[in-house]
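Novice: Now for the letters of each chain:
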Amino acid sequence: MKRRFITFGRIVRTGMVNFVRGLWLALAAMAIMVITLTIILFSVIANATFNHTVDQIANQVDVSVFLEDSASSAQVNGFIAAIKKQPDVRRVEYLDKQRAQEQFVAQNNGNQSLQSAIVETGNPIPATIHVYPKNLNQVSTINQFLTQKQYKLLQTNDSPSYNGDRKKAIDNITHATNILRRVGVLAVIVFTIISVLIIFNTIQMAIFNRRDELQIMRLLGASTSYIRGPFVVESVIYGVLSAVVSILIINGIFVTASSSLQATSFGLLDISYSQSYFQNRYWLLLSVQLGLGILIGAASSVIATRRYLKFKTPKK
Amino acid sequence: MILLDRVTKTYNKNLGPALDRISLHVEPKEFVIVVGQSGAGKSTLLKLLTREERPTSGKIIVGGIDYDKLHDRDIPLLRRKIGTVFQDFKLLSNRTVFENVAFALEIVGASSNEIRNTVPKVLDIVNLKDKADRMPQELSGGERQRVAIARAIVRQPKILIADEPTGNLDPKHAWDVIRVLEKINRYGTTVLLTTHNQEIVNKLKRRVVTIQHGQIESDRANAQYNVK
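Chains as they are written, first to last, in this note's numbering: chain H, 1 to 316; chain D, 1 to 228.
These are calculated hints, taken from the structure and not from any lab test. These figures come from a predicted structure and were not determined experimentally. Just to be clear, a hint being listed does not mean it is correct.
Unchecked claim - The list that follows gives simulated cross-link-like pairs (lysine-lysine, DSS-like), each with its CA atoms no further than 25 angstroms apart: (1) D/Lys121 <-> D/Lys172; (2) H/Lys310 <-> D/Lys69; (3) H/Lys85 <-> H/Lys97; (4) H/Lys310 <-> D/Lys59; (5) D/Lys29 <-> D/Lys203; (6) D/Lys90 <-> D/Lys158; (7) D/Lys172 <-> D/Lys90; (8) H/Lys2 <-> H/Lys85; (9) D/Lys59 <-> D/Lys90; (10) D/Lys121 <-> D/Lys131; (11) D/Lys205 <-> H/Lys310; (12) D/Lys90 <-> H/Lys310; (13) D/Lys81 <-> H/Lys310; (14) D/Lys183 <-> D/Lys205; (15) H/Lys168 <-> H/Lys149; (16) H/Lys168 <-> H/Lys134; (17) H/Lys134 <-> H/Lys149; (18) D/Lys121 <-> D/Lys81; (19) D/Lys81 <-> H/Lys2; (20) D/Lys205 <-> D/Lys172; (21) H/Lys310 <-> D/Lys47.
Chain H on its own, in the form it takes in the complex (with noise of 0.2 angstroms):
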């Protein structure tokens, strides 16, 4: 027992030694995987961001309830409480026919033949409830609900909202938001396994440098955790550094350059949400960077050490 802890500090001693002694090479290994784990950062945020405003935009969606004038206040309480059962929804807005109309004159704010045949008719708006889903997906399934039969006879011909024109523009939109979820998804897994790749080979070349190292130690009898275990450290020592590296680069972009990042995204893409995003998780993110950075700096020493490590005896 004491033997072997006596081993597992000279092989930490012995990697920590190793690290010093070739800094540059270590630097040059570390500087690629700052990059790296930079960008697996970026696009996690970035595709966050993202999402975020996906969101923003799916929030938007509603399908739109309209109310034939006959319809009671104790049937329209009565529709309203079985539509907020209804688990797919996220919220509901009833509008009588006073605020209907107010917010249909506030839309239409630059049409004054519009708003004055509204008042002349005597308010035709009906009463109208928004019923918003928690998801776009479900948009059919609260629309099948809306349609029963004892709750269609409350409304319009035309209601509920969700058929012919705005039915495809929220198909559209559904679709859409859908296949972008994918994407940034899909661009984060594609990154990452970028990254792992470019790590690896990287440490796979810092050990091929010092194959002889390896094979001359294995001739003196070494045992394989004996020649591995000082490489394993050394690689771990580059992941907890870069991995820390690349979260103060992240860090120092939020901090000086996120009024240029808002300017240049047009708009597009929430700057302040990624900069609340990343320090409200800054914590879990630092974690996983350094897991990942001492999970790909093992893993790719270890593998790139097993070749040099096999004793070159062929069976008989």
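Starting from the structure of chain H, add chain D where the hints point.
Specialist: Here is chain D on its own, set in the frame of chain H:
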């Protein structure tokens, strides 16, 4: 101590065997010189003993270990029992002289105290005590080879295998190395030395095994070696 029984090693069937049914017996504490021209099979013989290569046929027993029964995972343990010196030194370039020698003790789990006590003594034997903190590239060829010898003997192995340790050295440094090997042999270590340096062989007056075309041509005590 070392027993080879009809050992054959063939790398490529078209080229014929590098070693052809070689039988050799080396007693404990012997100093045996293996001579032969380049390509005769000397290095192959040593590689079989350190288990860098595996024989195509035949039996090898070293220090009581039967190689037929040796698993890959036990090869490091075998190599720790044999001290090996290579023609190209094989020092770890990123470690000091002290650390290179200490490495041989570290891998067997020796304590730091033991390393601190033993390494200077061994460096003293090879006359390098004052260069313990140098890096290998700061040393001459002879000094590097003496570091390699120090590393090979620091664990006090029963067997020392030296593969042309003077091959890259001038005569003065070559003799420094040979004297160290003789000293180690006097302490009780079996030494197996390969060389094609005629002068060294003839002055040492030891048992000489001559290998020619993969076979043992002669095996004589206190022998002379004449390059044909």
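Novice: All hints are to be evaluated individually against the structure, with a verdict given for each.
Specialist: Hint check:
no., hint, verdict
1, D/Lys121 <-> D/Lys172, "holds (23 angstroms)"
2, H/Lys310 <-> D/Lys69, "holds (19 angstroms)"
3, H/Lys85 <-> H/Lys97, "holds (24 angstroms)"
4, H/Lys310 <-> D/Lys59, "holds (23 angstroms)"
5, D/Lys29 <-> D/Lys203, "holds (19 angstroms)"
6, D/Lys90 <-> D/Lys158, "holds (21 angstroms)"
7, D/Lys172 <-> D/Lys90, "holds (21 angstroms)"
8, H/Lys2 <-> H/Lys85, "violated (66 angstroms)"
9, D/Lys59 <-> D/Lys90, "violated (28 angstroms)"
10, D/Lys121 <-> D/Lys131, "holds (13 angstroms)"
11, D/Lys205 <-> H/Lys310, "violated (40 angstroms)"
12, D/Lys90 <-> H/Lys310, "holds (18 angstroms)"
13, D/Lys81 <-> H/Lys310, "holds (20 angstroms)"
14, D/Lys183 <-> D/Lys205, "holds (15 angstroms)"
15, H/Lys168 <-> H/Lys149, "holds (23 angstroms)"
16, H/Lys168 <-> H/Lys134, "holds (19 angstroms)"
17, H/Lys134 <-> H/Lys149, "holds (24 angstroms)"
18, D/Lys121 <-> D/Lys81, "holds (20 angstroms)"
19, D/Lys81 <-> H/Lys2, "holds (22 angstroms)"
20, D/Lys205 <-> D/Lys172, "holds (19 angstroms)"
21, H/Lys310 <-> D/Lys47, "holds (15 angstroms)"
When each numbered hint is compared with the structure, violations occur for hints 8, 9 and 11.
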